[in-house]
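Chemist: Protein sequence lines correspond, in order, to chains A, B and C.
Going by numbering that gives the first Met the number 0, the first residue of the first sequence is number 0, and it counts up by one from there.
Going by numbering that gives the first Met the number 0, the first residue of the second sequence is number 0, and it counts up by one from there.
Going by numbering that gives the first Met the number 0, the first residue of the third sequence is number 0, and it counts up by one from there.
Hints are computed from structural coordinates only; laboratory data are not their basis.
Treat the hints with caution; some may be incorrect.
[Unchecked claim] Result set (DSS-like, lysine-lysine): computed pairs, CA atoms no more than 27 Å apart in a straight line:
#1 Lys120(A) with Lys189(C)
#2 Lys13(B) with Lys96(C)
#3 Lys63(C) with Lys46(C)
#4 Lys172(A) with Lys250(A)
[Said to hold, decoys possible] Between beta-carbon pairs, the in silico distance windows are:
#5 Ala12(B) with Ala56(C): 31 to 41 Å
#6 Ala12(B) with Gly159(A): 54 to 64 Å
#7 Pro190(C) with Arg669(A): 52 to 62 Å
#8 Thr33(A) with Ser65(C): 28 to 38 Å
#9 Asp45(B) with Gly682(A): 26 to 36 Å
[Stated by the list, open to error] Taking beta-carbon pairs under 8 Å as the criterion, some of the chain B residues facing chain C (in silico):
#10 Leu22
#11 Met84
#12 Met134
Here a beta-carbon is modelled for each residue, glycine too, at the ideal position from N, C-alpha and C.
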Amino acid sequence: MSSNPPAQSPAGARPAVDGPRPAAPAVSPPPPATVTCTIDGKPYTFPRGTLIVNAVRQVGHPIPYYCYHQKLAPVGACRVCMVSVLGAPLTRPGMGPIVTTGCTTPVFEGLEIETMSEAAKLARKQVLQFLLINHPLDCPVCDKGGECDLQDFTLGYGPGVSEFAERKILRRKADDLGPFLVLDQERCILCQRCVRYENEVTGEQNLVLKERGDRTVIDTGRGEPYSGYFSGNNTELCPVGALTSRTYRFKARPWDVRPVATVCQGCAVGCNATVNLRGDRIVRLLLRDNPQTDGGWLCDRGRYGFGHTTAPARLDRPLIKRNGELVAASWEDAVSAAAAGLRQGAAVLGGGRLTDEEALLLSQLVRVGLKTNDVDWRVGYQTFAAPEAVGMQGAQIGDIDGADLVLLCDTSLLEEAPVVEIRLRRSAGRNTSVIDLGPVRNFRHGPSRRIACAPEDLPARIAALTPDFQAAKSPLIVWDGRGGEALAEAIRGLGARVLVPAEFNNARGAEIAGLVPDALPGYHRLDEAAVFSKAWGAAVPSATGRHTQAILAATGGDVQALYLVGANPLRTFPDGALAAAALDRVGFLVVQDLFLTEAAHRADVVLPALGPLEKEGHVTNMSGVRQAVRRIVSGPSGAKADGEIFRLLAAALGATLADVPAEVASEPVRLRLPAGSASTPPGEGLRLIVRPALFAGGGTAAHDPNFDPVRGGTVVRLHPEDAAELQLAEGDAVHLQSGGTALRAVVSKDGGVARGYAVLAAHVAGVQGLGPRVRVAPARAEVTVG
Amino acid sequence: MPWDAQAADAVVAKYPSPRSAILPLLWLGQNSDGHVTPETVERVADRLGLNISDVESVLSFYTMFRTSPPARHRLQICRSLACAMKGAEEILEHIAAATGVAAGEQSADGGFSVEVVECIAACDHAPAYLCDERMGGPLSPQKALRLLRGEGGDEQ
Amino acid sequence: MIRRILTEGIDEFDMTRLDVYRSRGGYQALAKALRTMSPDDVADEVKTSGLRGRGGAGVAASFKWSTLPADGRPRYLILNGDESEPGSFSGRMLIQKNPHMIIEGALLSAYACRMARVFIYLRGEFYEGAEIMRRAVEEARAAGFIGERILGTDFSQEVVVHRGAGAYICGEETAIMESLEGKRGHPRTKPPFPTAAGLYGMPTVINNVETIANVAPIVANGGAWFAAIGPEKSPGTKVCSVSGRVRRPGNYEIEMGTPLRELIEEHAGGLEPGHELKFILPAGASSALIQPKNLDVSLDYDSLGAIRSMLGSAGMLVCDERDCAVHVAYLGARFYHHESCGKCTPCREGTGWTERVLHRMEHGLGRSGDTRRLEELCRGIGGRKCLCLLGDFSVTYLQSALANFHDEFEAHEHGGPCPVTAALEVSVR
Ligand SMILES: Cc1cc2nc3c(=O)[nH]c(=O)nc-3n(C[C@H](O)[C@H](O)[C@H](O)COP(=O)(O)O)c2cc1C
Ligand code: SF4
Ligand code: FES
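With the hints as extra help, turn the sequences into a complete structure.
Modeler: Shown next as structure tokens:
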């Protein structure tokens, strides 16, 4: 496979320059950094470039505005932010003040601003009257009621009565715009915030202006559903009730909700958010800007992923298998049954969804309760969480902004750390060049250099990029840790900082806590076990444990019991056949989870756990930033926090868990990585690769009713030419066959997939059971799916 | 010039930024198919590296692009100031009475359509019109009916 | 004395043909400039000429050119041939009948300003005009006037003919740039002005096609020659479009300073027989009306400004006693409502509201207070509250009509038949 030419920017408008070039620019001394102007008669000093709209607000003379927004470029469309101004060059000497828009005018030396002049007040009043003439005035049934700028500014600055007595223009109302958004065109005041967000921030242009004049509406290009991952931000940008959330529809008024700060645990970015509670139910999540992590945005998975807290399918009491059936049991019985089963030859898998504190407790429980180092959080494709743990230099999320070269190593920020992709899209349009390397195109919303290659060729391709990295000033590599030592070695060779999106939201916390077979908490060497023994008051084994693959392979042998903590290897482990066989073979299986997963179905004891919004502690994000999380809702009454369950189990095993982490000082250990992916031998069919997808699977998302609309059938992505060769069209139902198993899927043609590959979403039922090659055949006749 | 990749490339090459070729490429599509088809929008988006929604948004701003097939003959009658003063509205009424086709409508057999347009910069020929692509005037009720039958009129 | 510069020979000869144009001295100014003059020399001639923009505001061409920053970035020249103001059609004639003069002027201007490229933006409805202009460009290119190393000199220049697709707003100088960049024709905020950051963010000059057409004769005959024609502050000629209630509607090139009366009564043949002048809109639908008592005003930028109207594009719409001031206002309002781009609230909502009120008044459904409401609407939309002047344009005539024909508006408040029409019917009977 060869590298493709650089892609076009979707925004397209990076103009080429042409023609003759006149003389070079003259260098003039930099103007002073601050300017002094007067606002309503008093002098104030502001940094140069401060817009009037912000200046007057800072000194407590706020003016209304709709189209202006701190996070977007000014456009000057609504014309409501009018103030009177006096001062050259805005006004000529001898001329009186004029009204102008505060959002498009920066303050300058000597400017005199009057916010409450009669002319400004009248102009604002007239604009507010204009904005309401075609508005339906349906405030009583509008979700924005109580926090609507149209209501508030009309009250504060508008006319008491409208002079308008003509017929209003009617438009589409209450239109479901894709899975999460509701669009009410009649309420739209055409401030273009959503359109500019789609343009400047996501670059997806899901929402655009259509038609013109007072027939202008906001809509998707062809009225199709909104398809991006960042739709919900629009509901907060919209100053009126034109774009609202389906999940919040008719649920509450802003004055009967209680705001609580939280950290999203949908993925390892750890975006900050504010939960709104009505009584004890979550009704919505709102932005709570943190420049270091989220940069002021949320993805839809984070924003709408709270439905699992009240999902009917939540486990709310322990289950014990009796005569092949899982039946309800008391916590006492379940814990003692679990402890009895785990007492001999147990191994533990999972932990990437715990809090930091809980992960540390589990780490202790494994060592002093189960007396083993057979523990591993890595139950999926990811092979490590912290770059430092494998000899690389870690990066902060914000480093993307200043990076001049970003290598996406077979990794999709969009699917694995969505809000971080927004940063890359914005900088890719400016000073950052992006290299998109791997069998699938991962960066689709900005210019990039695409290098298609097979997974096993990644190390060689990366080595070939050395000159690019040597030339770059602040290069960065994004790698989700899929693959093995050979790839890691190649990446180390580039000497750049590495950002690692995680498969599980607190993978990093789990790894630091020592939920790995070859290190103790804090990446301490196993031969320091004695120190831990002392701190924890019990013997800590020092023999290296087994990693996930080895544990699964050893079930039925000397791994007699398995304890899955928030883990379902049947869906996540790349070798699905091994995972299935392992769970069938194992003598005793304990599953601790929120829902009755496929693994839980096979368990001997099921322990119901509380979810991310239901317990407190800390989580560590993909860059190693620790953030506190709080208990926001109570969760099912019969479920317990994972940490509490660990303590109960420990007690049943005759151990006590210490509260304090062990204080040890030494060089951190370097984790061992698997050798790496071998190339798939040639054979029949297409090479199957499985890649993360935002709404596929996940411990909570897979069961969240809010995501029902986005969980379509299984989709297989094929290069259009491969599809053509197989005589398959978009949307065709197919069977993917490999060995004795088959999976039904729907075809999606995707030019971003390299030829010869079939791409499926990870963490989806049935996907992990397929082998490295699949035959793709039309599903004309119903075939029984193995 | 019919739409083909080469013609499109030639258009794009004229501009410092590919995006500038949106209108010319949409024209190319409309001229070859009679209207701007969804496929044209997709091809334009693809050729210029734009989102389909972006092209749709631009398309909907400009009134001369059609998104459905036109009638065989299209009579566009200017109704702005000079032309209205010289009887454009009366001609429209006359056409409606004689053919049953009002402004903005198409005849049942698709033979012709009658549209109103704002000033076409031919006020000296008021009431002015565009018949298919030819500008003309002054229009009379009789001439309007002839034009709708495809019999042609005078040229301005 | 009738002096014709831009329309000289166009009725007698097919000036769209390059050979004809050349046989009448065409492209000699270009040759002279490229061989004997520096770019600054050409710019100086235009400065000396005092040529003012013919597109509306009457800004001196040399002023715009002189504000281009010398910062090494590529610069662009846009010829504004969007011509969509109701009542203006002089550009159409120049484009169709004298395209080479426009092209030659464009090349000279581009040379003077060191432009990277020239775009001729023509409104979409000019199907024939665009064909003629394209053919002329191709002919000029074949003859070596466009392209690489023009006439064997170091000067190279590309000229692109670009067609709009139905939008009056794209005649506005920032909307035309958005449209040329392939976007919706939404005006931009100013500053930055186009000469600082225009097309593709680069320094850009936008001039009307007629403005640019003047450059070739100026270079050929010298700026002083041009400056001597007409009044000192409005030199040159202007092609005036006369339409409405005159005997001979059409385009007439007159020397600046010619009295309006001469244009209407002599060139355009006076009013239709038996009718009486009521008012004139001198710059299309967007200008304040001129009353018959001002018929002797001299046609130049300053004289018309002095009577609180404007020369603008000189699209003279002549109205007689049959034209009700409310009806004309309604026609104008309908146009601006249709053409508002929709970006600014006052213009987007206000033009629609104004049309709806006037529509009612026109159809016998006036309500008491409508006249006052219209006055308030004018204040709400006008007064430079919008990004571009379309909003202001939409109320300029209306405001002057409200002031001059207040009683006609008030009469329409009370339902009933239009008094103007009613009076006509009486006189016919
Ligand atoms: C709404 C609006 C429409 C305009 N339409 C035109 C037009 O059709 N042709 C034109 O030359 N200028 C038009 N103008 C004026 C242009 O903005 C600009 O001033 C002019 O093209 C400059 O050329 P000049 O300096 O040669 O006159 C319009 C302005 C506005 C606000
Ligand atoms: S004044 Fe009207 S036409 Fe001009 S930018 Fe604003 S909305 Fe558009
Ligand atoms: S906030 Fe200033 S114009 Fe909208």
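Chemist: If any of the earlier hints don't hold here, list their numbers in rising order.
Modeler: Structure breaks no hint.
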